[in-house]
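Visitor: Residue numbers (this note's numbering), protein chains in the order written: chain A, 122 to 287; chain B, 22 to 363.
Hint data in this document are derived by calculation from the structure and do not stem from the laboratory.
It cannot be assumed that every hint is accurate.
Covered stretches of chain A, as calculated for chain B (at least 3 residues, CB under 8 angstroms) [claimed, not checked]: (1) 125-136; (2) 150-159; (3) 177-191; (4) 236-243; (5) 276-285.
For every residue, glycine included, the Cβ atom is placed at its ideal position computed from N, Cα and C.
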Amino acid sequence: MTKLTVNGQSHTLELDPRTTLLDALRDHLDLTGSKKGCDHGQCGACTVLVNGTRVNSCLCLAAMHDGDEITTIEGLGSPESLNALQAAFVEKDGYQCGYCTPGQIMSATALFEELKAGQPSYVSEDLDRAEMTDAEIAERMSGNLCRCSAYPLIREAIAMAAEVKS
Amino acid sequence: MRPFEYERAGSLADASGMMGDAASIIAGGTNLMDLMKIQVMTPSRVIDISRLPDMDRIETHGDGLRIGALVTNTALATDPRIRAGWPVLSRAILAGASAQIRNKATTGGNLLQRTRCPYFYDTAMNCNKRVPGTGCSAKGGSGRMLALFGTSEDCLAAHPSDMAVGLAALGAEVEIRAPSGDLRTLPVTQLYALPGNRPDIETHLNEGEIITAVILPAPRAGTQQTYRKVRDRASYAFALVSVAAVVAMDGDTIAEASLAFGGVAPRPWTDASVNAVLAGAKAENATFERAAAQLVPDAAPHEETDFKRPLLRRTLIATLREATGLAGRVDTARTASAGGMQ
Numbered sequence: 122m123t124k125l126t127v128n129g130q131s132h133t134l135e136l137d138p139r140t141t142l143l144d145a146l147r148d149h150l151d152l153t154g155s156k157k158g159c160d161h162g163q164c165g166a167c168t169v170l171v172n173g174t175r176v177n178s179c180l181c182l183a184a185m186h187d188g189d190e191i192t193t194i195e196g197l198g199s200p201e202s203l204n205a206l207q208a209a210f211v212e213k214d215g216y217q218c219g220y221c222t223p224g225q226i227m228s229a230t231a232l233f234e235e236l237k238a239g240q241p242s243y244v245s246e247d248l249d250r251a252e253m254t255d256a257e258i259a260e261r262m263s264g265n266l267c268r269c270s271a272y273p274l275i276r277e278a279i280a281m282a283a284e285v286k287s
Numbered sequence: 022m023r024p025f026e027y028e029r030a031g032s033l034a035d036a037s038g039m040m041g042d043a044a045s046i047i048a049g050g051t052n053l054m055d056l057m058k059i060q061v062m063t064p065s066r067v068i069d070i071s072r073l074p075d076m077d078r079i080e081t082h083g084d085g086l087r088i089g090a091l092v093t094n095t096a097l098a099t100d101p102r103i104r105a106g107w108p109v110l111s112r113a114i115l116a117g118a119s120a121q122i123r124n125k126a127t128t129g130g131n132l133l134q135r136t137r138c139p140y141f142y143d144t145a146m147n148c149n150k151r152v153p154g155t156g157c158s159a160k161g162g163s164g165r166m167l168a169l170f171g172t173s174e175d176c177l178a179a180h181p182s183d184m185a186v187g188l189a190a191l192g193a194e195v196e197i198r199a200p201s202g203d204l205r206t207l208p209v210t211q212l213y214a215l216p217g218n219r220p221d222i223e224t225h226l227n228e229g230e231i232i233t234a235v236i237l238p239a240p241r242a243g244t245q246q247t248y249r250k251v252r253d254r255a256s257y258a259f260a261l262v263s264v265a266a267v268v269a270m271d272g273d274t275i276a277e278a279s280l281a282f283g284g285v286a287p288r289p290w291t292d293a294s295v296n297a298v299l300a301g302a303k304a305e306n307a308t309f310e311r312a313a314a315q316l317v318p319d320a321a322p323h324e325e326t327d328f329k330r331p332l333l334r335r336t337l338i339a340t341l342r343e344a345t346g347l348a349g350r351v352d353t354a355r356t357a358s359a360g361g362m363q
């Protein structure tokens, strides 16, 4: 049996060992916000937080996450009460078809925490100074593809939410 | 995925005991899961070592550091000690994959990741690495991601790691545990076996051996370090060519240089004769041209890989201009404990 705490709710599941965390969320818990794009870790549509850290849920075996805390897009805001990032994506029109959006928002949620923790990126001029610039957002979001290519507006939405938060 | 038995190891001894022909160790799983989904790897037993205690720590080890095999790529790249003392390692890791992958991928798993040669990934193609003796479809195929050095008649694949290239330039060692519990170490460059006529054998690990840590030598304070990666898109792509450089300067002369190259060989590639060209030479373009001439081969193993020869030459020169302070930006290693190159 695998125990997962998803968005604060505890679930105990009996799963085939092959079940990925993504399939456990979508097919066993009916949380279909996390999307299956490539199923190979290349597109980021399945991004969720595991114990607060962003990962590709399609590359995780659910059994390896026994006891872990998972946050999905369903755990952020609600249709009536969007959180700052969700509201910014709507405001800035940071999508076209919307399929990649849950992954983009989960990824950006973690991006804020990573910057707050001072984690540098490949484009950081100084390894000891992490800043919220357009180039930094682009680099840090490179694991999330958008085939509608809404990238400029996705970056604007993230920058807007960062300002709202600070 | 093919069906498999999932086992969580309680200790390293436990994990060694469960290994065998049809078993795979899983830690981060970012490469293995991908390969299992497309049935390039079909283990009947998957041994989870991700929760083994104490293997996710970075500890002082003599004048250097001991990095547990389960330390994630993110934890390693962002560790304040690594950023200060071994910045080329931070840069190399951050050049690879995506934030999501780096959060999951481990130090040991990064070293043991498989090639991204497209013919290894495509089970409709022939591949001596995937199925020994079937031939190499890369030979008559696309050569863009193939190697320049260390290839054989049977295999042209390149090792894809960025982290390993940084480690090679720093002279890091890999700590390996035998099933008996005995530990041995190998320089990271000697972990890998060149393909020869057995490209399916990729490392010098023996049956039941597990990588337990990577050992970094003492930091080289004052050295200038840089990692330059050239790829088909700006982020989240494997290297066509990469260069890691650790350079000690004495005025405008290069006192000592340690270089490693990625995307061009079945292992992080190093060439002592290139370092020797640089040692004691003035930091100027003519010196860098001589180093490039020493390194770059006269011909590529595949005609479509030929573009990597001028690309490697130019990337090496550009990297050396940065590392010696002639152009661009460079990270300078800091530490209170050691001075100069060791």
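Visitor: Closer than 8 angstroms Cβ to Cβ for three or more residues is the test here. Does the region 125-136 of chain A pass it with chain B?
Guide: violated (count 0)
Visitor: Count the residues of the region 177-191 of chain A whose Cβ falls closer than 8 angstroms to any Cβ of chain B, and tell me whether that reaches three.
Guide: holds (count 7)
Visitor: Are 3 or more residues of the region 150-159 of chain A near chain B, judged by a Cβ distance of less than 8 angstroms?
Guide: violated (count 0)
Visitor: Taking a Cβ-Cβ distance under 8 angstroms as contact, does the region 276-285 of chain A have three or more residues in contact with chain B?
Guide: violated (count 0)
Visitor: Do at least three Cβ atoms from the region 236-243 of chain A come closer than 8 angstroms to Cβ atoms of chain B?
Guide: holds (count 6)
In summary, the structure is inconsistent with hints 1, 2 and 5 from the numbered list given earlier, while agreeing with the others.
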